[in-house]
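Number of protein chains: 2
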Amino acid sequence: MDRRPIGVFDSGLGGLTAVKELRRLLPHEDIVYFGDTGRVPYGTRSDGTIVRYARSDMDFLLRFDPKRVLIACGTVSTVALKVLRREYDLPLEGVVEAAAAAAAARTRRGVVGVMGTAATIRSGEYERLIRAAAPSVKIVSVACPLLVPLVENGRTDPEDLVVSTVVGEYLAEIRAAGADTVVMGCTHYPLLERAIDAGMDGGAVLISPGREAAERIARALERDGAGNAPDHAGTSAYYVSDAAEGFAAAAERFLCEPVSGVVEKVDVE
Amino acid sequence: MDRRPIGVFDSGLGGLTAVKELRRLLPHEDIVYFGDTGRVPYGTRSDGTIVRYARSDMDFLLRFDPKRVLIACGTVSTVALKVLRREYDLPLEGVVEAAAAAAAARTRRGVVGVMGTAATIRSGEYERLIRAAAPSVKIVSVACPLLVPLVENGRTDPEDLVVSTVVGEYLAEIRAAGADTVVMGCTHYPLLERAIDAGMDGGAVLISPGREAAERIARALERDGAGNAPDHAGTSAYYVSDAAEGFAAAAERFLCEPVSGVVEKVDVE
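One line per chain: the protein sequences are P and S, in this order. Per our numbering: the first sequence = residues -1 to 267. Per our numbering: the second sequence = residues -1 to 267.
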């Protein structure tokens, strides 16, 4: 048994989709979330800046003595995971690694679509990791720059003409290639899961990076006997680096439930 | 005659719509543009941070000894213009002031629509300034958070279903109120001028903040006899605080012509 919390961080609020999955899988665990809303977005920063930000995010979470950390930020998972693993002496789970492994394992026809932000697609990291696990898989990667703004403005309804049109455009090439598995390669995208599913005519397995990383952590705790007490009701605490006002309303979109627990603004710089 | 250049700054590239207007009105002037692409967006920062950023933007432009500065950033114009006017001893023109004055002067029916980012609309600054100039004007303000992402992804064609649907939604309340004048209250929006015009059925005067501010500067130079030599072919120099690669392609959308002149990355922090 290990009563210490699980730490989660992201550049903003998208990582709350991972918290939602952790909460579902691990109801007895305490979760500490840090969203670096004061320095979002990370995707446009230089690698050096991203590593520096990631270190300060980690250092903040270490105050809570977490047993594991889930890096819910695709940019940090891509750019800084190796450095952080070298520098920090606790198990780190990155969303990109987890989702790439799941996609490689689940495709039957050997064709995987990857949706991501422009920076994620440009990095080629999903392709590299999927190919490392399954060299013969055909991968079609599509930058989907309008999806984050749509989600952040609450436009997620598959019946919304703007949503279905934009999602349909982004999926066109992935459908044409015959993909049976699609990576929703940004923590915001699972909020569009129904629209993406509709855009694939229900014919593809959709991979949520947050869900995959959460499942890896659940399996690791099980394996190590490192879960919290089974009679403990897990708590959640949320920290952000910009104004905490408005956090609850925005966070509920990602968590799909009211925010319970602490919400506090902190300075990590 | 005053051979010194005109300085222009913005948090990103949107301010290039003002450069385009300056270039059109003042072909003999040298223009120095600074886009703070490394710290964009400003709209989500605290007032203190915005003032600090604005000072460093001004200090950078002062290296070129400008005769006037056009503040093409709506957030800085709203939050920091007064402070900057107090601290810097040269004439400053803000896009918000210029556009609000133009809207108040041009409405015939006394109903003005204001489109802006969430932060701009929340600030109430357009309403305050329009009302100060024309107290009886009815103002309908609408936050249009999806328009910047659309423009930044090159989605500006009025025939694009996503563009016409989104623009149509945002204009619904402005149309219903009977507005005859619409402020395109963000430097990105003039790229959607044709779509906004179509959304108003061609029935409204559209106010471009960059154009209004540029016209004020042109009038001031004329009045003061402070133009450059009439045989001088005006030059443009562009500076950004994040990677300069990709600048030309993105900038051309705003300038509506190829980028000529220097493009350089600088560190202003």
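By construction, these hints were calculated from the structure, which means they are not laboratory data. This structure is a prediction, so every number in the text was calculated from the model and none was measured. Check before you lean on any hint, since a few could be wrong.
[Unchecked claim] In silico contact screen, one side only, chain S against chain P (beta carbon under 8 Å); selected entries: (1) V140; (2) P143; (3) L144; (4) N151; (5) V160; (6) S162; (7) T163; (8) V164; (9) D240; (10) G244.
The beta-carbon is built from N, C-alpha and C at its ideal position, and this holds for glycine as well.
To see whether the hints hold, each was checked on the structure:
1. V140: violated (13 Å)
2. P143: holds (5 Å)
3. L144: holds (6 Å)
4. N151: holds (5 Å)
5. V160: holds (5 Å)
6. S162: This hint is violated: S162 (chain S) lies away from chain P, its Cβ roughly 10 Å from the closest one there, beyond 8 Å.
7. T163: The hint holds - T163 (chain S) has a Cβ within 8 Å of chain P, the shortest such distance being about 5 Å.
8. V164: holds (6 Å)
9. D240: holds (7 Å)
10. G244: The hint is violated - G244 (chain S) has no Cβ within 8 Å of chain P, the shortest such distance being about 10 Å.
Comparing the model with each numbered hint stated earlier shows that hints 1, 6 and 10 do not hold.
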